[in-house]
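Guided by the hints, dock chain H onto chain X, whose structure is given.
Protein chains in written order, with this note's numbering: chain X, 12 to 260; chain H, 929 to 1756.
Derived by calculation from the structure, the hints in this document are not laboratory data. Accuracy of the hints is not assured; some may be wrong.
[Claimed, not checked] Some residues of chain X that are not near chain H, with every Cβ distance over 10 Å (derived):
(1) 15
(2) 94
(3) 109
(4) 154
(5) 164
(6) 174
(7) 181
[What the hints assert, rightly or not] Within a straight-line C-alpha distance of at most 27 Å, the following computed BS3-like cross-link-like pairs (lysine-lysine) qualify:
(8) 1667(H) with 244(X)
(9) 1662(H) with 1751(H)
(10) 57(X) with 1662(H)
(11) 1222(H) with 1261(H)
(12) 1027(H) with 1348(H)
(13) 1662(H) with 207(X)
(14) 1667(H) with 57(X)
(15) 1751(H) with 57(X)
(16) 1261(H) with 1220(H)
(17) 1211(H) with 1200(H)
(18) 197(X) with 1261(H)
(19) 197(X) with 1534(H)
(20) 1222(H) with 1200(H)
(21) 1348(H) with 1048(H)
(22) 1459(H) with 959(H)
(23) 1400(H) with 1055(H)
(24) 1220(H) with 1573(H)
(25) 1534(H) with 959(H)
(26) 1573(H) with 1222(H)
(27) 207(X) with 1032(H)
(28) 1621(H) with 1667(H)
(29) 1048(H) with 1032(H)
(30) 959(H) with 1498(H)
(31) 1128(H) with 1211(H)
All C-beta atoms in this analysis are idealised placements derived from N, C-alpha and C, irrespective of residue type, glycine included.
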Amino acid sequence: MTQTQYGFFFDQSRCTGCQTCSVACKSYHELPLGPLKYLRVYQYEKGSFPDVRLHLQWIPCYHCQSPACAEACPAEAIHKEARFGAVLIDSQKCNGCRLCYDACPYGAPVFESDDPTCKAHKCTLCFDRLQQGEKPVCVLACPLRALDFGPLTDLMKTYGRLQDLEDLPDSRTTKPSVVFKARREKRRLVPYDPEKALRLFMRRDPLPPVFTSLSDITEIPDDLVGRSRLVIKHASAEDLLHRTRNDEG
Amino acid sequence: MSQSACGTQSSRDVFRYTSCGFHCFDQCVLKVRVRDGRIVSVEPDDTIHPGVAREGEHPPGGLGSTAMVQYRPCAKGYAMVREIYDPRRVIYPMRRAGKRGEGKFERISWDEALDTIARKLVEVKEKYGPYSILHQPYSFLGQSSFPLAPWFGAGVAGWGAHSTNGFQEPQNWVYGKDLLEGMLRFGHFALTQDETNIFKSNLIVLWGLNPVSLMSSRVGHNLLQARERGIPIICIEPRYTPSVEVLADQWIPIRPTTDVAMMIAMANVWFKEDLCDNDFVEKWVDPEGLAKWKAYVLGTADGVDKTPGWAEPLCGVPAETIREFARLYARSKPVNLSVSLSMGRQFYGENATRASMYLQALTGNTFIPGGTAAAELGLWWGRTGGALPVVDWQQADWEYVAPVLLAMYKWPRAVDLREKLDAGEISTEEYNNLIGNRADNPPPHIQLVILESNNHVNNLPGMNQTIRAMKKVAFTLVFSQFAGSPSARYADILLPQIYSAYEGRNGGCGLLWPLFTTTINLGSHFIYRQKCIDPPGEVRPNDWVWTQIARRLGIVEKYNPRMADVPYEKWDETIEEIYREAYDTWAKRDDIAALNPPGWEEFQKKPVFRFPLEGDPYYPFKHEVEAGLNPFAGTASGKIEFYSKVLAQGPEYLRTHEVPPGSGKCYGAGNLPPMAQMTLGGKDTFYSEDAAKYPLLMSSPHSYYRVHSWLDNSPLLRNDCYRHAVWMNVADAKARGVKDNDLVRVYNDIGEMIIRAYVTSRIVPGTVAIHHGGWYLPQGGTSALMPDGVDGRGAPNLFTHEEDLPNTVVGTFPCKGLVQIEKWRGAR
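Pulled out of the complex, with its shape left as it was, chain X reads as follows (with noise of 0.2 Å):
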């Protein structure tokens, strides 16, 4: 029984996806290069120029009241400890069966490889630093101020209790400990006619026109847009990397 749940506040609409928090959390916790991220940040796109948003995902694990992670593993190596309520992963009794992984909505347990014997790896609430009174390193280094943490009922009073965002799991399953604050609503300040846009950028006169019909910009194929959708469990660690890599450099 946990004495008091801990949690984190992320406000997605401060999230600019560039994944200081993710290098301060390798940084810290030495980590190695490559899949081994206990914090994944997705940058995707909707919509269709000129009406396009980014949207971004901040996805450690969420120390879930109901961790499925426990509840899958054979071989009883999480356990949910009753201090902070974070869920600790005993990386010698794991035997490297990823059920876990296959459990969590999240995709929260992280492995160094595809190797089959890999161990399983995750966020742990930066626990030790928990045990001297300061915050997870992640919270500290957001460059935006887009973190916060403490107990989860003093959050939810301070930030509400929004636990879902769009495209996320539905919170219900496994009671992630975060609340959020969801990206905001997009205002006109001026009036601005896509259309008429799209047809102005259309032309270069008197060069050669740029695109021919506003099917060009509007319609997109499946697979031509890579970052697309939300996509947080992966088959491989390159897939992993693909996805929580931006473009932004």
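Just chain H now, with coordinates in the frame of chain X:
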């Protein structure tokens, strides 16, 4: 790794504090964990508000001083430590073992390296004269950065800066002063603002600026707070960037290189609807110049009424949007307009940058709380919090001042064209014109190039020209951490480069990166960079290197008298003593003592000093306003000038005169319009006739994951965080049968590369983007365009033309290029 043990801390750990120190203006706090002499990790800033996740959120009365917040590093700050231990790192002096460009080196001793360098300096000076030695970075703004120039008696200075000419020169024409020289001459950035000035604005316009991807921790965070407070923000730019997503209420997509058309059309609306701030204009804008520009805008001069309807087919922004935006702008005073450097980094770029200054003047926004002078780089360095500790190195008086003999970034052209001058194919005057040297000046004869911890080969426009230059000179010296860096590959002597953030003591004797570091001139704080570890191998600090060379040249007592006889084993501790002395002296100043600074020992526990910036935030020209001085005393009319009479004197005048006199700045012959106008068809612009062959206009924005090109080879950032790819609009990709992640060949008449494609709706069609700073890495075969090898990584400067005519040398530090793209079917 057993998680049940769950500890990554150790009782053996010690902590040090430092700051990144590369060419980044933010200077964040790096808390470094060191274990057994090795850096284990970088951790968040705990020197203020330790453990607070979201500090100062919307306090009543506005966000307070920007000094009193955590200085949170970005991903680069956390990732950089791993580079220290990269096995590819250069840790001994090296000598070229093949041809320049092959990147083959062999290890030599320090003695041999230093003897060679000293000998070459003497030889080149004797054979080619004093204007033969070029050092970078920072032989700019009218000075030479060659540390030994003043006593060795050789060196060449450049005017302008590698990134800001398209802004700086217009600032001089319009306001009579400019941003960077303002720093040097007046000690503050007169034209810029405190970050908190934006909280007094009614509308924030980010034109071509992506602040969260450049300096997220302070500028980005402040803008977020402004947005959350309900201050409207509009982003006008060719890409839907992360800044657009988190900051902007609205994105107005626009074609790159057409911004001035929209600005002109906005003014057209204001003139016709009488929306200008007439009181301000009457008081502060030169009426003669205004009348000329107004006639241009309204078409009374050339018969073309430059309405929103005129602008819309050029820039892609619908006329109704331009009109309503103009009206919103006019009624929203104070308007905080920030225009990015990129707008000046293109052919005719100085038109857009000065038009942005006109917009603020016409609406009375130039120097009011909440307003801006528009063209202050979009980086906000308001005022100096206080004096910084300064070391007195006691260098001898200068015996030689390097003359200004070219525009700084023209040095590769100066080298490349020199043989034509020597062969009599062009005259001295023509040669000087092409490099920004006054016609009757002696021409430079650059034969020895020193690239000290910078990557000019990669980062200047027209890379193949820079490569030719590096092959032509008599001797090249490069300091670099990596032999694979494009600049390092052309070195004759390659010296290891210390990480001054971590490894010791670049004291900054007469040069760069002193140990008290701060955001350049913001002066809201400074950080003393503590030494964290010993460098590997035989890596030595840069000032140690120059001191040993100076000794061989017989000038060490003049260059570095305080450390002339200090052996390397005592180097770090001596520098520490010198810095302590500077700190103690600083702490005794009346203005500083009043702030109760800690003693040195106490300061070393958390060596960050923050100035309490009191009072109202700085806005441009605030100090002049409050002192009752005329901010525009530097212009001929004493007012804001829309029309430059100096430029109006034409090409013959410009090639034979400095602007202003005595500055060394010579724009060269060419057509430089005296006032902002829209000109179609400049090189590497959207309407260039070259677009018939190379139809895609490429921009090269900065990347969050590099400072210029630094960290391009960081395995952590490259592998984990981002994919370096060419951004292509859906329509352009479809037309070429290209899908996301396909390999594509990007090429024009001067370069080619193979790179992956990022297919997206986030970019204006007909334009592409390749982030600046990707290294040129030859992979695979050579070609006619790429004799040193086709680029397999993606360096956009392969495509940018370093050319000027028919324009002058002013605005063209181009970061744009026209390219064609095709799907790549070959092997990589």
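*Holds or violated: is the Cβ of residue 154(X) farther than 10 Å from all Cβ atoms of chain H?*
violated, 4 Å
*Say whether it holds or is violated: residue 15(X) keeps its Cβ farther than 10 Å from all Cβ of chain H.*
Given a closest Cβ separation of 17 Å, the condition holds.
*Between residue 1400(H) and residue 1055(H), is the straight-line Cα distance small enough, at 27 Å or below?*
holds, 15 Å
*Taking the closest pair, is the beta carbon of residue 174(X) still more than 10 Å from chain H?*
holds, 19 Å
*asked:* Check the hint pairing residue 1662(H) with residue 207(X) against an upper bound of 27 Å on the C-alpha distance.
replied: holds, 22 Å
*Quick one, are residue 197(X) and residue 1261(H) close enough, alpha carbons at most 27 Å?*
Holds, at about 22 Å.
*Is the hinted pair residue 1222(H) and residue 1261(H) satisfied, with a Cα-Cα distance of at most 27 Å?*
holds, 22 Å
*asked:* Tell me if the straight-line CA distance from residue 1573(H) to residue 1222(H) falls inside 27 Å.
replied: holds, 16 Å
*Would you check the hint for residue 1027(H) and residue 1348(H), treating anything up to 27 Å between C-alpha atoms as holding?*
Between residue 1027(H) and residue 1348(H) the Cα gap is close to 24 Å, so the pair holds against 27 Å.
*Taking only the CA atoms, is the gap from residue 1662(H) to residue 1751(H) under or equal to 27 Å?*
Given that 27 Å is the threshold and the Cα spacing comes to 11 Å, the pair holds.
*Would the pair residue 207(X) and residue 1032(H) pass a check requiring their Cα atoms to be no farther apart than 27 Å?*
With a Cα-Cα distance of about 56 Å, the restraint between residue 207(X) and residue 1032(H) is violated, given a limit of 27 Å.
*asked:* Holds or violated: residue 1222(H) and residue 1200(H), Cα atoms, limit 27 Å.
replied: holds, 10 Å
In the structure shown, a violation is registered for the earlier hints numbered 4, 19, 27, in ascending order.
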